[in-house]
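Undergrad: Whole structure, please, built from the sequences with the hints as guidance.
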Amino acid sequence: MGPKALAQVLRRVDFPADPEKLLIGLDKADDAAVYSLTEEIALIQTLDFFTPVVDDPYLFGQIAAANALSDVYAMGGQPILAMNIVGFPSCLEAEILAQILQGGADKVAEAGASLCGGHTVVDEEPKYGLSVTGTVHPDKLLSNSGIKEGDLILLTKPLGTGVMVSAIKGGFTESDENNPAVKSMLTLNNIALKYFDQYQINACTDVTGFGLIGHLLEMSENSSLQLKIDASEIPIFAGVRDFAESGLLPAGAYKNRDNYQEFVSETGKRDQTLYDLMYDPQTSGGLLISVAEADAAELLIDLYAEGLDVTVIAKAVKGEKGVKIEWK
Amino acid sequence: MKEIDARGLACPKPVVLTKKAMTENDEILTIVDNKTASENVAKLARKLKAEVSVVEEAADYFKILIKNNGQNKLENSTNKSATAKSTEKAKVYLIASDKLGEGEPELGEILIKGFLSTLLDIKPLPQKIIFLNSGVKLAVLEADLKKVLEDLETAGVEILICGTCLDYYGLSDQVEIGEVSNMYEIVDSINSGDYIRV
Numbered sequence: 001m002g003p004k005a006l007a008q009v010l011r012r013v014d015f016p017a018d019p020e021k022l023l024i025g026l027d028k029a030d031d032a033a034v035y036s037l038t039e040e041i042a043l044i045q046t047l048d049f050f051t052p053v054v055d056d057p058y059l060f061g062q063i064a065a066a067n068a069l070s071d072v073y074a075m076g077g078q079p080i081l082a083m084n085i086v087g088f089p090s091c092l093e094a095e096i097l098a099q100i101l102q103g104g105a106d107k108v109a110e111a112g113a114s115l116c117g118g119h120t121v122v123d124e125e126p127k128y129g130l131s132v133t134g135t136v137h138p139d140k141l142l143s144n145s146g147i148k149e150g151d152l153i154l155l156t157k158p159l160g161t162g163v164m165v166s167a168i169k170g171g172f173t174e175s176d177e178n179n180p181a182v183k184s185m186l187t188l189n190n191i192a193l194k195y196f197d198q199y200q201i202n203a204c205t206d207v208t209g210f211g212l213i214g215h216l217l218e219m220s221e222n223s224s225l226q227l228k229i230d231a232s233e234i235p236i237f238a239g240v241r242d243f244a245e246s247g248l249l250p251a252g253a254y255k256n257r258d259n260y261q262e263f264v265s266e267t268g269k270r271d272q273t274l275y276d277l278m279y280d281p282q283t284s285g286g287l288l289i290s291v292a293e294a295d296a297a298e299l300l301i302d303l304y305a306e307g308l309d310v311t312v313i314a315k316a317v318k319g320e321k322g323v324k325i326e327w328k
Numbered sequence: 001m002k003e004i005d006a007r008g009l010a011c012p013k014p015v016v017l018t019k020k021a022m023t024e025n026d027e028i029l030t031i032v033d034n035k036t037a038s039e040n041v042a043k044l045a046r047k048l049k050a051e052v053s054v055v056e057e058a059a060d061y062f063k064i065l066i067k068n069n070g071q072n073k074l075e076n077s078t079n080k081s082a083t084a085k086s087t088e089k090a091k092v093y094l095i096a097s098d099k100l101g102e103g104e105p106e107l108g109e110i111l112i113k114g115f116l117s118t119l120l121d122i123k124p125l126p127q128k129i130i131f132l133n134s135g136v137k138l139a140v141l142e143a144d145l146k147k148v149l150e151d152l153e154t155a156g157v158e159i160l161i162c163g164t165c166l167d168y169y170g171l172s173d174q175v176e177i178g179e180v181s182n183m184y185e186i187v188d189s190i191n192s193g194d195y196i197r198v
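Those sequence lines, one after another, are chains S and P.
All residue numbers for the first sequence refer to this note's numbering, where the first residue is 1 and numbers rise by one.
All residue numbers for the second sequence refer to this note's numbering, where the first residue is 1 and numbers rise by one.
Hints listed in this document are in silico derivations from the structure and should not be mistaken for laboratory results.
Here a beta-carbon is modelled for each residue, glycine too, at the ideal position from N, C-alpha and C.
Only some residues are given here: those of chain P computed to face chain S with a beta carbon under 10 angstroms:
1) 10
2) 16
3) 36
4) 43
TA: The structure is reproduced here in structure tokens:
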């Protein structure tokens with residue numbers, strides 16, 4: 001569902017919450033809920049599932065798991081436990097489901113967590129995802145708010161998975177691991193986490209359904225800072241521009257644009273395709289890391305050395321909250 | 001040589017521009033106007049295993065010369081996987097004897113078994129293993145190779161056994177693993193992939 005429609009529903013429901021223990025709850029629109037267990041351990045809980053984004057069931061399983069695990073990483077945590085959520089048609093071969101689950105299991109294993117069961121229902125279309133539990137030291141907890149003036153925003157994966165998934169579904173391109181977007185969706189967001197202790201990281205989130213702009217707006221929401229995007233630095237996957245220009249932008253991209261463009265200002269001459277791609281909903285997208293300016297170069301060097309396709313896309317500056325795109 | 005004049009640019013811009021240049025060029029000269037930027041650019045190059053030399057010509061003029069040795073070119077770009085895949089083409093192995101090499105027959109038998117067992121551990125896995133001539137004996141008679149060949153087959157390696165050869169040795173009814181194949185299919189397999197004769 002789109003964020004506006006969802007908010008309207010959620011407003012009508014009373015959710016129980018222990019304000020003492022619930023460090024991050026529904027009100028924050030963050031990546032996951034965080035609950036304080038002890039002074040040293042906070043529990044992170046998240047859930048995500050969706051319909052196939054690629055044809056290969058094993059790859060789909062891996063992508064769904066990488067996507068679900070990412071919410072834990074975006075809070076600065078380490079996943080420990082996961083459970084499957086499955087919808088599966090009775091007319092499809094059981095072997096396909098076995099491959100989806102194996103994909104998920106292998107990704108959870110790569111993350112160093114345990115997978116301990118789940119729940120399956122008969123459904124018209126396959127759906128797969130996971131509920132993931134993680135832990136984090138409360139002092140190391142990162143939320144999507146907390147950006148500070150002067151922070152630089154790093155993005156750890158290029159944009160365009162939404163468009164690429166449309167292209168795959170339309171038969172315009174292959175969905176194997178040679179596809180850069182597929183490869184990226186398979187990649188866990190845990191690499192950058194290794195370096196978080198060494199630098200001043202003020203906020204973190206991952207780019208998913210609301211697109212780059214939607215998630216940047218969340219980061220700016222609880223601050224009095226504006227995120228100034230350097231459009232020339234926005235990375236997109238090879239091939240995505242052509243697909244976007246051939247009309248393969250998914251409906252979610254238009255929904256995001258309608259919801260968010262009133263909070264976006266611009267200077268310079270707009271590149272319409274790139275502008276649209278900033279709203280493209282991402283599956284298993286990259287992390288947005290808000291790092292103190294003084295630490296940015298060192299963190300970048302470390303992430304470059306890890307082979308991450310990381311870019312500095314924005315800066316937090318004084319101004320009206322929201323996003324400003326600078327076209328050059 | 002690619003020259004980047006990063007004077008007047010705030011950190012981490014000089015690092016970002018240098019990294020981009022390193023994916024496209026073998027030699028890069030980056031010029032910066034402060035010590036911090038020069039240290040950062042040099043650090044980047046070293047982390048990416050390139051050769052670096054820094055010349056401080058003035059307090060606000062640093063030259064950083066980077067020799068890439070080619071290894072960072074394209075490596076981190078989006079077509080990385082495509083290039084890596086194509087150079088790692090899976091091979092076709094032709095096993096034309098039940099012994100490896102010339103010398104004592106006993107040693108040759110030990111070696112060929114060792115060879116086949118090791119194939120499971122190499123990356124990429126063989127595309128196909130073709131058993132020809134006395135090589136077919138390995139595929140049907142050797143109990144201790146059965147598990148190895150089964151594992152290879154499970155891992156997606158095609159096992160082809162020459163039908164004419166099986167007939168000749170009177171082993172046609174003993175095939176448990178792999179596929180009995182004809183010369184046309186064998187020649188076709190050899191033509192379609194990189195092949196290694198063992």
